[in-house]
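Using the sequences provided together with the hints, build the complete structure.
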Amino acid sequence: MQYQAKITIALKEGMLDPEARAIQHALANLGYKTDALTSAKLFFIRFDAKGKKEAEEMAAKMCERLLANPVIHQYTIEVSE
Amino acid sequence: MKFAVIQFGGSNCDRDAEYVLSEICGVDTDLVWFKSRLDDSYDAVILPGGFSYGDYLRAGAIAARTPVMTDVVRHANKGKLVLGICNGAQILDESGLIPGMFTINAYPKFICRPVHLRVESTDSPFTSLFRKGEVIRIPIAHKEGRYVAPEKVFADLSKDDRVAFRFCTPEGEITPESNPNGSAGNITGVLSEKRNVMAMMPHPERASEEVLGSTDGKKIFLSMIRHIERNEA
Numbered sequence: 487m488q489y490q491a492k493i494t495i496a497l498k499e500g501m502l503d504p505e506a507r508a509i510q511h512a513l514a515n516l517g518y519k520t521d522a523l524t525s526a527k528l529f530f531i532r533f534d535a536k537g538k539k540e541a542e543e544m545a546a547k548m549c550e551r552l553l554a555n556p557v558i559h560q561y562t563i564e565v566s567e
Numbered sequence: 010m011k012f013a014v015i016q017f018g019g020s021n022c023d024r025d026a027e028y029v030l031s032e033i034c035g036v037d038t039d040l041v042w043f044k045s046r047l048d049d050s051y052d053a054v055i056l057p058g059g060f061s062y063g064d065y066l067r068a069g070a071i072a073a074r075t076p077v078m079t080d081v082v083r084h085a086n087k088g089k090l091v092l093g094i095c096n097g098a099q100i101l102d103e104s105g106l107i108p109g110m111f112t113i114n115a116y117p118k119f120i121c122r123p124v125h126l127r128v129e130s131t132d133s134p135f136t137s138l139f140r141k142g143e144v145i146r147i148p149i150a151h152k153e154g155r156y157v158a159p160e161k162v163f164a165d166l167s168k169d170d171r172v173a174f175r176f177c178t179p180e181g182e183i184t185p186e187s188n189p190n191g192s193a194g195n196i197t198g199v200l201s202e203k204r205n206v207m208a209m210m211p212h213p214e215r216a217s218e219e220v221l222g223s224t225d226g227k228k229i230f231l232s233m234i235r236h237i238e239r240n241e242a
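Chains A and B are the protein sequences, given in the same order.
By the working numbering, the letter at position 51 of the first sequence is numbered 537, and the numbering carries on one by one without gaps.
By the working numbering, the letter at position 233 of the second sequence is numbered 242, and the numbering carries on one by one without gaps.
Derived from the structure by calculation, the hints contain no laboratory data.
Hints should not be assumed to be uniformly reliable.
Said to hold, decoys possible - Heads up, incomplete: computed chain A residues facing chain B, CB under 7 Å, no partners named:
(1) GLU505
(2) ALA514
(3) ASN555
(4) VAL557
Said to hold, decoys possible - Result set (DSBU-like, lysine-lysine): computed pairs, CA atoms no more than 35 Å apart in a straight line:
(5) B:LYS168 with B:LYS44
(6) A:LYS547 with B:LYS161
(7) B:LYS44 with A:LYS547
(8) B:LYS161 with A:LYS527
(9) B:LYS87 with B:LYS168
To be verified - Pairwise CB distance ranges, derived in the manner of DEER restraints:
(10) A:PHE529 with B:ALA164: 42 to 48 Å
(11) A:ALA508 with B:GLY19: 22 to 28 Å
(12) B:ASP49 with A:HIS511: 48 to 54 Å
(13) A:ASN515 with B:ALA164: 25 to 31 Å
(14) B:GLY105 with A:GLY537: 26 to 32 Å
(15) B:GLY105 with A:THR562: 21 to 27 Å
(16) B:GLU32 with A:ALA506: 40 to 46 Å
(17) B:GLU143 with A:PHE529: 42 to 48 Å
(18) A:LEU502 with B:GLU143: 46 to 52 Å
(19) B:ALA164 with A:THR520: 33 to 39 Å
Quick reminder that beta carbons are idealized off the backbone N, C-alpha and C, glycines included.
Here is the structure:
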């Protein structure tokens, strides 16, 4: 069965995000006053798995082994068919 | 005695490191392509600076998962020396050989200039030729060099004397102004638990000849050579 994992990798709360800060500054230059801006990376991955549970476990392993660095990142996984 | 400088796709300080080791320090040094395996004949491995795999995902993330890094980890686990410089330092943190992480500078731009470093620990194969507290001058060239780590890691580094270098003023003071990238505690050189692996953001190979304005970096390579000679004896 083929599944799609939508994986969001974001900085842990409280981690400095210098690029987000620069983007927020650029928005301010365009006249948009914003109270907060954070950025995240989004991955869409298609792969075969025996069931949804296995697909979720595989996606979690992908995060742990490559996609996220636990020192600064947190991640969320949404698996769909 | 034999050194290896690993070349990843996108390494660009590999030849500088090889040149300094073979021509300036006079040791046998091989360039080893990442698709080759690293055999057991090497006493020390250098992971050079550059932009391996375009810094995709995170600096060092992809290089850290290449097969040759399995060999480098095995080499390190035997107690042999590994020095990661700049991108090499990022590869070491992504490989788990060094705790913490070098991530995007507090002010997110590429900085390339000489900086002052205070030698914090001389109890390592990489820093034994320095005096504790000595101020040295070595260039940095990076956009992702801000050292971050969980609190527990900082406690361990400090308890075990595993901080090798901190950014400082020319007088050796650790100040926010002398910290070019926002690294926690101005840390920019970190030793592994067994002290045989060191990650550093500054480029010692760019400070190994008088003509380049500083020979402070050369002492790191000479410290490594002395350590290996003593182990052989």
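If you test the structure against every hint from before, which numbers come out violated?
Numbers 2, 5, 10, 13 and 18 - these are the hints that the structure violates, sorted from lowest upward.
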